[in-house]
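Number of protein chains: 2
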Amino acid sequence: MKKTAVVIENVRPLLDCGRYAIKRLVGDPVHVTADIFKDGHDAVAAALKWRKAGAKKWRETPMNSGDDDVWSGSFAVTEIGDCEYTVEAWLDVYETWRDEFRRKHEGGQEDLRSEAKEGARILERGAKRAAGKKRAVLRDAAAELVKADNARAAALAARMDLSAIMAEYPDRSIGSEFRPYGRIMVERKAALFAAWYEFFPRSAGGRGDRGSTFRDCLGRLDDAKAMGFDVVYFPPIHPIGMTKRKGRNNALECRPGDPGVPYAIGNRHQNCPHGGGHRDVAPELGTLEDFEWLVGEAKKRGLEIALDFALNCSPDHPYVADHPEWFFHRPDGTIKYAENPPKKYEDVYPLDYHNPSWQELWNELRDVILWWAARGVRTFRVDNPHTKPVAFWEWLIAETRAKFPDLVFLSEAFTKPKMMRVLAKAGFSQSYTYFTWRNAKQELTDYLSEMSAPWSADYFRPNFFTNTPDILPFFLQQDGRAPFMIRAVLAATLSPLYGIYSGFELCENAALPGREEYLDSEKYQFKKRDWNAPGNIKGLIGRLNKARRENPALQHLTNLRFHTAENDNILFYAKATGDNVILVAVNLDPHHTHAAAVEWPLWEYGMGWDADYTVEDLLSGERWTWHGSKNYVALDPSVRVAHVFAVRR
Amino acid sequence: MKKTAVVIENVRPLLDCGRYAIKRLVGDPVHVTADIFKDGHDAVAAALKWRKAGAKKWRETPMNSGDDDVWSGSFAVTEIGDCEYTVEAWLDVYETWRDEFRRKHEGGQEDLRSEAKEGARILERGAKRAAGKKRAVLRDAAAELVKADNARAAALAARMDLSAIMAEYPDRSIGSEFRPYGRIMVERKAALFAAWYEFFPRSAGGRGDRGSTFRDCLGRLDDAKAMGFDVVYFPPIHPIGMTKRKGRNNALECRPGDPGVPYAIGNRHQNCPHGGGHRDVAPELGTLEDFEWLVGEAKKRGLEIALDFALNCSPDHPYVADHPEWFFHRPDGTIKYAENPPKKYEDVYPLDYHNPSWQELWNELRDVILWWAARGVRTFRVDNPHTKPVAFWEWLIAETRAKFPDLVFLSEAFTKPKMMRVLAKAGFSQSYTYFTWRNAKQELTDYLSEMSAPWSADYFRPNFFTNTPDILPFFLQQDGRAPFMIRAVLAATLSPLYGIYSGFELCENAALPGREEYLDSEKYQFKKRDWNAPGNIKGLIGRLNKARRENPALQHLTNLRFHTAENDNILFYAKATGDNVILVAVNLDPHHTHAAAVEWPLWEYGMGWDADYTVEDLLSGERWTWHGSKNYVALDPSVRVAHVFAVRR
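Going down the list, the protein sequences come from chains A and B. Quick note on numbering: my numbering labels position 31 of the first sequence as 31, and the sequence is numbered without any gaps. Quick note on numbering: my numbering labels position 236 of the second sequence as 236, and the sequence is numbered without any gaps.
Among these hints, one or two may not hold up.
Given that identical chains are not distinguished, each listed pair holds provided it fits within a single copy or across any two copies.
Straight-line C-alpha distance at most 27 Å; calculated DSSO-like pairs for lysine-lysine [to be verified]:
no.	residue 1	residue 2
1	Lys-147	Lys-344
2	Lys-528	Lys-225
3	Lys-189	Lys-528
By construction, these hints were calculated from the structure, which means they are not laboratory data.
Sequences and hints are given; from them, build the entire structure.
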């Protein structure tokens, strides 16, 4: 009971009552507030405490009180891994005494001998807790206080050095600690700031007639590097099943030579050295050694290779033969293929995550991650996580991060908002989003306002993909380069995480009629491309990625603010970090020139309301002189779709 | 892990993550919502479960799904005491099968024999869980399904009686239960709906020369009953200390015959039969038997007597001699009196709730409540609870309610908002509020909007006192009866709980100059009054209390809605419960006539937008015919300050 002598409430942040961890990057501050108060008139002190998960000892920092009993404090997380934090508050015996003594003295009370003795006793107790020189200081002050007259005692009570030492060695016997503890998942910078480039290794060579191999991928790596990307992501590279293999454009019948869908994983008949399942690479791409070589080449270039973690088993997957109990069964004992009636997906067997041997299955899937992590892969894009139990992901991410704390998982869940959010809570570092379908000014403003709000950004990190092998949005199916340029600028500047699927830079827009899907998708066939085809926007992408690298403002999420552009086709926003201020104006209409007065409250960015300043377009290198808050932009999409201005003061 | 197979989030209400209980009255509905969803396409079912605290078995009711994965359900609490509730959700195996079967059948799939067998197996398992006749129904259906053709199987899958039985005996093996549990403090009606009348028994006879006794109080009881009050509340009735006793108007020197402040409790020198402390009554008021007789007389009249629980000890309190260790000590060993430097309160010794023998002290104080509860007192007004540990109240209220679940505690904490709120969370049924100082239209609207909002009303129940022995608000110090009438109408109709301190009905307004305190306060002396003095407003109070009793709309808090009055001096609001609609228009200016068009959206109260209807003033008995939403009121404070209309359709 004494442990709740001080009220501590409303500790923020605290995700779902501490059920889940908030996310931070190494070096990030964690700002915590709490309502703290005590009965009566006693002084209260409070500390913000944190420690690595599993550690015994807390580190701590004092909290400061503000209006309405709200206290706050901050600490920085300095190491990748899991942390926990809480708030402790206690009756501050010494400050309570000081305040009472001062009020009595100033009120003219004559006999303060008893009060002085009380103070001396408190100081003596403090001395017992203190060490070395500080102990002596407190002892001396106590000895002096016992025999001091009022004026001398008041002078001692006013000594700030005594207060400081007493605060350093507090008596917390009458206090409280807040439960539940807050949790933090601390990650490396690439969990929040990275540009992703997705390509199929088998199409890397761009030959089209037959597949490329890992050894053919260096060109793509160099190109990705030249464009300024950080992460290169491969769809599944594992052996592909033959049974019910799909043909071109998702045909049910597969012709000889059709390479199959990389998501129909597993082919134990290929005599792969690691069983032909999720631990293996497709022989047509090369060997595991080839892959490890490629990972090394990427590393040399400052690139990271991300793998797809797609939990689909083809009927030829080794699990099917070795662990039929992991699958769903029909009454006749055969294994059930995937269905979404009336649709059938006979090339894939879903796993039963609740089968009686579920723990073995879960362990195996965890070990697949550990297997690739041991081979240098630290980033996984997870395919359709929303069709597997959330509890499974929470467990798997915790288990694998315990061994490799720098693992990053991207959730590919295009589904209902709450499922997308709970996957992020469960531990996914990043998430695909609805950005792909947000094109109008109001919907972009609404969606980004939600995504960048601290309550959301505390755990949900959007990765803005402009396109994917599954999605060629209608917006990009319009004529010309402008739609691609618009989406590139938006993705790269609105979000610190974004990505493109290869072909985007070539403005590829051939779709299945009436569908948001690629015609002749390389999910089902080899793809032939001229990676330097005329009309490409590699230059723009390179400049965007350079701007991102050089401007800290573009490396954060919660610093986004929308400002006024007096035209519904022009989106105008600012991102600022310290002195680095970026202003972006985008023409959302790929077909017509739009102009607008744009207005931003520069005084809220540390500038004078009528300042003259230079804005430098990081895309074109041009510079303009702007004056005050209201200025003018005109964007002709045949020339440029956007300004990405750095404000030069 | 399998226990979190379904995601359950955002269970509402849930006060501070289940740390505290929400409050309900016996018979109240508890409406619970939660976000519930599962991976994949499976059907989900959910139940809202509740039980008495300490019970093993849950009761439950199905939850229904709405938009955006929000599910909801309701149950009624039927017994005073503590309850807990949670949500359980699970994969609904049978409905998942039904849905898939239907989609395959409608999609034209030809061979459904395997699917039918699967359904039969699910029904057979259901039969094992089911009882009696229902078991047989499931068995028969399973047997039929095994051999059914597609059409026959589809007909079986469509049978709602089978769905109903399967829902009654669900397989919950793949599911989740939400933690932490929600908690509910279930109380009797008077915890939310009561009119309080406070008087000092020693002034009850109105003689003034010498004190009255319990035996003199019958007149006051009858008068309180005639005015329609429910609760009669006495300031402390215990022996009053002699040491440092205060004189009239809080004088430091006390003259012979001065009765002392009832809040300086305890006089062991008086040879009281129960020690002269908190278990005793002041001999000048009579005996414990006299008090018990008075409690009985009150009961006969349908009145309840509430006592003050004031944890102040005079230096003559028996605790001082028997348990000096329960108090604070000065370095010389003497006990410390109360201080708020430079002010001293030498007639009172504060208790040290964290002294090394704190558990003994806490037990003793708990036993004081139990002592009076055993003597028929079930309502306690607690004096200054914010100067004692919140943890102490949480413990004391839980301990005493475990023996007397019908106990009601009123928190007299005029302090910072968060402290007032946490005391309510800790278990106080009712709380004094800032209402006493809210007079203008905007501040009344703001404050009442907060008080009546469900998030607040879930645990914080305002008791609107117009005045107390400590507070004669400036508003009431203005000339005339109108200020008193205005405050009476507001208190009685805005809040289901309200109270007056005696003298209010006589419009007593003599204050200490420049202070919000009574002149010649009966806290310090006997008071002589003519309880039927001319100019009293007992008639108005009686009509208000009658209106409250007869109109359910006035017995609730969250049904308050403010509507438009086109005059800043007129407050216009509605309360509705079922068909009972009350409209109140109050002239907040006691000195001038104000008139206004008032407008209410009658269509939101189940009436036609252009209805003709009668409004009956429950204060005057007059009736008017109103038309549509916009009508007209004029309030001359010399005639009336308010209309309290019942809408008659």
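Tested hints:
Proximity of Lys-147 to Lys-344 under the C-alpha cut-off of 27 Å is restricted to the inter-copy arrangement: shortest distance 24 Å between copies versus 92 Å within a copy. In this homomeric assembly, Lys-528 and Lys-225 come within 27 Å of each other (Cα to Cα) only inside a single copy, at 21 Å, whereas the closest approach across copies is 95 Å. Taking the closest pair of Cα atoms, Lys-189 and Lys-528 never come within 27 Å of each other, the shortest separation being 35 Å inside a single copy and 78 Å across copies.
Violated hint for the displayed structure: number 3, the only one.
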